[in-house]
Amino acid sequence: MTTEIPTTSSRGPIRNWFRGVLLDWDRTQMLICFTLVGLLALAPLFISSTYYLGIIILATIYAFIGISWNIVAGFTGQLLIAQIIFLAIGAYTTIVLFNYYLISPWVGILIAGLVAGLCGIIVAFITLRYGLKVDYFALFTIALMVALRTLFLKWDYVGGAVGMWFSLTDPSLDKMIFATKAPYLYIALGLVVIGLLIQYAIYRSKMGKYFLAIREDDDAASALGVNTARYKMLAVVIGAAMAGIGGGFYVMYVTFIEPPQVFNLGLNIELVMAGPIIGGLGSLAGPLVGALLNKPFVEIMRGALAEGRSGNSLIVYGSFLILTIMFMPRGVTGVLHVIYLKIIRRFTNNPEGDN
Amino acid sequence: MSPEIFFQIIVNGLFTGGIYSLVAVGLTLIYGVMVIVNFAHGEFLMLGIYVAFWAWTLMDLDPYVAIPIAFALIFGLGALIQRGLVQRVLDAHPLNQIILLVGVSTLLIGLVQFFFSAEPKAIHVSYETAVISAFGLRFAIARLVAFFASMAISLLLFIFLRYTRTGKAIRAVSQSRDAARLMGINVNFIYYLTFGIGAAITAVAGVLLAPNHRMIPTMGQGYSVIAFVVVVLGTMGNFIGAFIGGLIIGVVEAFAGFYLGGDVKIIASMMIFILILLFRPAGLFGRKST
Chain A
1 MTTEIPTTSS RGPIRNWFRG VLLDWDRTQM LICFTLVGLL ALAPLFISST
51 YYLGIIILAT IYAFIGISWN IVAGFTGQLL IAQIIFLAIG AYTTIVLFNY
101 YLISPWVGIL IAGLVAGLCG IIVAFITLRY GLKVDYFALF TIALMVALRT
151 LFLKWDYVGG AVGMWFSLTD PSLDKMIFAT KAPYLYIALG LVVIGLLIQY
201 AIYRSKMGKY FLAIREDDDA ASALGVNTAR YKMLAVVIGA AMAGIGGGFY
251 VMYVTFIEPP QVFNLGLNIE LVMAGPIIGG LGSLAGPLVG ALLNKPFVEI
301 MRGALAEGRS GNSLIVYGSF LILTIMFMPR GVTGVLHVIY LKIIRRFTNN
351 PEGDN
Chain H
1 MSPEIFFQII VNGLFTGGIY SLVAVGLTLI YGVMVIVNFA HGEFLMLGIY
51 VAFWAWTLMD LDPYVAIPIA FALIFGLGAL IQRGLVQRVL DAHPLNQIIL
101 LVGVSTLLIG LVQFFFSAEP KAIHVSYETA VISAFGLRFA IARLVAFFAS
151 MAISLLLFIF LRYTRTGKAI RAVSQSRDAA RLMGINVNFI YYLTFGIGAA
201 ITAVAGVLLA PNHRMIPTMG QGYSVIAFVV VVLGTMGNFI GAFIGGLIIG
251 VVEAFAGFYL GGDVKIIASM MIFILILLFR PAGLFGRKST
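Chain order of the listed sequences is A and H. For the first sequence, the numbering used here gives the first residue as 1, with consecutive numbering after it. For the second sequence, the numbering used here gives the first residue as 1, with consecutive numbering after it.
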């Protein structure tokens with residue numbers, strides 16, 4: 001993953017290519033992302049504690065889910081607050097296929113992505129067919145989440161209120177059950193790499209430009225001939241499918257699922273929203289940077305401040321969201337961007353640096 | 001179904017609906033004036049019921065005596081939240097507003113959970129289970145009081161908005177921020193006031209629930225969702241719509257609870273919500289007024 005960093009002795013084309021990357025903020029963000037992914041991939045070599053590896057794995061899963069939400073909320077500005085619906089659907093699909101039909105999670109997760117994407121089509125079709133305004137759209141998704149929670153609680157086939165789980169006794173590759181943490185991390189990192197590439201491809205494509213136009217001004221985009229309904233739907237469906245895949249892997253990692261756990265606004269904030277918002281909603285590096293800051297920090301706080309009291313993580317998340325919106329609405333990536341621009345300006349003004 | 005049961009369900013529904021009305025009136029007031037959906041709204045109800053609990057455990061105060069305390073405290077908190085936080089995102093992208101309020105909601109739940117723990121709590125008063133029987137129907141005292149108090153508070157607020165100078169100023173700001181400012185109205189003050197009142201009457205709804213309702217820190221979320229349903233049903237920003245919508249949803253839930261069971265009744269309001277959003281997004285009273 002780190003092949004983009006040239007070796008010290010390389011000159012000529014590689015060096016020029018590297019310069020090109022650094023002069024372009026989007027590609028610099030991708031470079032930051034892949035450097036982070038590379039560092040994470042090295043983590044099992046240095047960290048033996050399963051507790052810390054577990055946090056890293058969850059942070060990586062959060063990053064992937066965050067990317068899926070970033071495409072919907074960050075790029076097109078649609079307030080799909082309860083993205084966790086699609087994660088839950090993907091998770092349930094995977095575990096039902098695994099438990100009842102003995103279908104390998106490797107296949108199950110892909111089917112989960114399809115099912116979640118299909119649900120995304122339904123949600124997008126309903127909301128767009130009737131042209132819900134931004135805040136009504138947000139309320140609609142929350143209502144849907146509450147309704148689905150009740151439905152899943154009563155649905156015995158998927159375990160009802162008890163939920164579903166599987167046992168970890170028989171590790172094997174095709175069951176996606178491993179005795180150690182490292183393989184989970186590499187699968188999660190693989191997902192993140194795929195997610196980053198999809199996100200970048202969308203961002204660079206014509207579709208991505210339409211997405212951003214819709215976010216900035218829906219009506220103006222429409223007036224300029226962008227089929228806004230179609231692109232909004234595409235964004236929801238892509239986001240939903242990715243969240244479904246992420247949910248499938250999430251349930252294979254945490255090994256159990258129950259309705260109050262997944263159809264839950266608290267987990268939705270922790271898992272889906274906090275990362276991209278802290279990292280910078282709508283930016284390329286935001287979801288990954290945010291997830292890597294968010295999860296470990298909250299875990300440290302949970303450990304340091306616990307003293308038998310609950311509510312710490314909620315206090316931390318609440319403060320994070322408030323402080324981010326108040327003081328850096330473009331997130332950590334936005335702050336990095338400002339610093340980057342200063343450096344670049346100095347670099348390009350200075351002929352010494354231009355060899 | 002015998003007529004007794006039928007009317008008993010309606011009475012129960014109206015009693016629940018009265019609380020919903022009060023919560024929804026607070027939400028619709030805030031939306032009407034600031035055009036911002038208060039995603040932290042249910043948390044003010046939760047804070048209200050915990051203020052009652054706190055007054056009861058610490059000072060042995062009856063919940064009904066705690067009403068002014070809750071009103072004052074949550075009014076201050078609401079005005080402070082408006083002044084310190086919401087004010088600064090009024091012109092921002094709706095996404096930022098919603099994220100901010102979701103953050104406020106999460107923070108408030110976390111703080112209450114920190115100080116009172118996540119364990120369910122309850123207030124015990126002598127009239128907790130007292131019941132009056134009349135016309136073959138049973139009326140729980142606490143819920144009867146809650147219902148009429150909700151009605152009275154809504155009416156007072158309505159009179160305040162309609163006939164006082166400050167109330168007229170609030171309505172003026174809701175019609176046009178800029179015109180109101182040109183007429184010499186201190187718009188920012190009206191904003192603090194509105195958010196404070198909206199939060200405070202919701203907290204009072206929480207106190208009214210206190211005598212016979214268990215409390216947990218996350219209970220506000222359910223009421224937020226119900227309040228969204230009611231407000232959309234009765235048209236966003238419409239005072240009377242929110243009031244009547246609350247009663248309708250209360251009765252619908254009571255019947256759904258009777259036929260489907262207590263846990264599933266929320267499905268009924270969600271279905272109404274989704275249908276209203278899809279087919280009549282302007283709500284039942286699609287004419288804007290405060």
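Derived from the structure by calculation, the hints contain no laboratory data. There could be a bad hint or two in this list.
Said to hold, decoys possible - Rough simulated footprint, nothing fancy, chain H against chain A, three-plus residues with beta-carbon under 8 Å:
(1) 59-73
(2) 266-273
(3) 315-328
What the hints assert, rightly or not - Dumping the calculated DSBU-like pairs for lysine-lysine here, alpha-carbon to alpha-carbon at most 30 Å:
(4) H:K168 x A:K133
(5) H:K121 x H:K265
(6) A:K154 x A:K175
(7) A:K342 x A:K209
(8) A:K175 x H:K265
(9) A:K206 x A:K133
(10) A:K133 x H:K265
(11) A:K209 x A:K154
(12) A:K154 x H:K168
What the hints assert, rightly or not - Just the calculated beta-carbon pair ranges, DEER-fashion:
(13) A:S319 x H:M151: 36 to 42 Å
(14) H:F279 x A:G190: 51 to 57 Å
(15) H:A152 x A:M301: 55 to 61 Å
(16) A:T169 x H:T57: 44 to 50 Å
(17) H:T57 x A:Q261: 27 to 33 Å
None of the values given here were measured: they were computed from a predicted structure. Backbone N, C-alpha and C fix where the C-beta goes; we use that ideal spot for every residue, glycine too.
Hint by hint, here is what the structure shows:
1. With 1 residues having a beta carbon nearer than 8 Å to a beta carbon of chain H, the stretch 59-73 of chain A misses the requirement of three or more and the stated coverage is violated.
2. Here the stretch 266-273 of chain A counts 3 residues with a CB under 8 Å from a CB of chain H, which clears the bar of 3, and the coverage holds.
3. Here the stretch 315-328 of chain A counts 11 residues with a CB under 8 Å from a CB of chain H, which clears the bar of 3, and the coverage holds.
4. For a cut-off of 30 Å, the pair hint linking H:K168 to A:K133 stands: about 29 Å separates their Cα positions.
5. In summary, the hint linking H:K121 to H:K265 is supported, as the alpha carbons are separated by about 24 Å, within the 30 Å threshold.
6. Proposed proximity of A:K154 and A:K175 is supported: the alpha carbons are some 28 Å apart, at most 30 Å.
7. For a cut-off of 30 Å, the pair hint linking A:K342 to A:K209 stands: about 26 Å separates their Cα positions.
8. Proximity of A:K175 to H:K265 is assessed by CA-CA distance (about 39 Å); at most 30 Å being required, the pair is judged violated.
9. Annotation: proposed proximity of A:K206 to A:K133 holds, straight-line Cα distance about 25 Å (limit 30 Å).
10. Straight-line distance between C-alpha atoms of A:K133 and H:K265 comes to about 27 Å, which keeps the hinted pair within the 30 Å bound.
11. Proximity of A:K209 to A:K154 is assessed by CA-CA distance (about 43 Å); at most 30 Å being required, the pair is judged violated.
12. This hinted pair does not check out: A:K154 and H:K168 have alpha carbons roughly 49 Å apart, beyond 30 Å.
13. Distance hint check: the CB atoms of A:S319 and H:M151 are about 38 Å apart, consistent with the given range 36 to 42 Å.
14. Roughly 44 Å separates the CB atoms of H:F279 and A:G190, a value that falls outside the hinted 51 to 57 Å.
15. Between H:A152 and A:M301 the CB atoms are about 44 Å apart, so this pair departs from the stated range of 55 to 61 Å.
16. Checked against the hint of 44 to 50 Å, the C-beta distance between A:T169 and H:T57 comes to roughly 48 Å, which is consistent with it.
17. The hinted window of 27 to 33 Å between H:T57 and A:Q261 holds, with their beta carbons roughly 31 Å apart.
Checked against the numbered hints above, the structure breaks hints 1, 8, 11, 12, 14, 15 and satisfies the rest.
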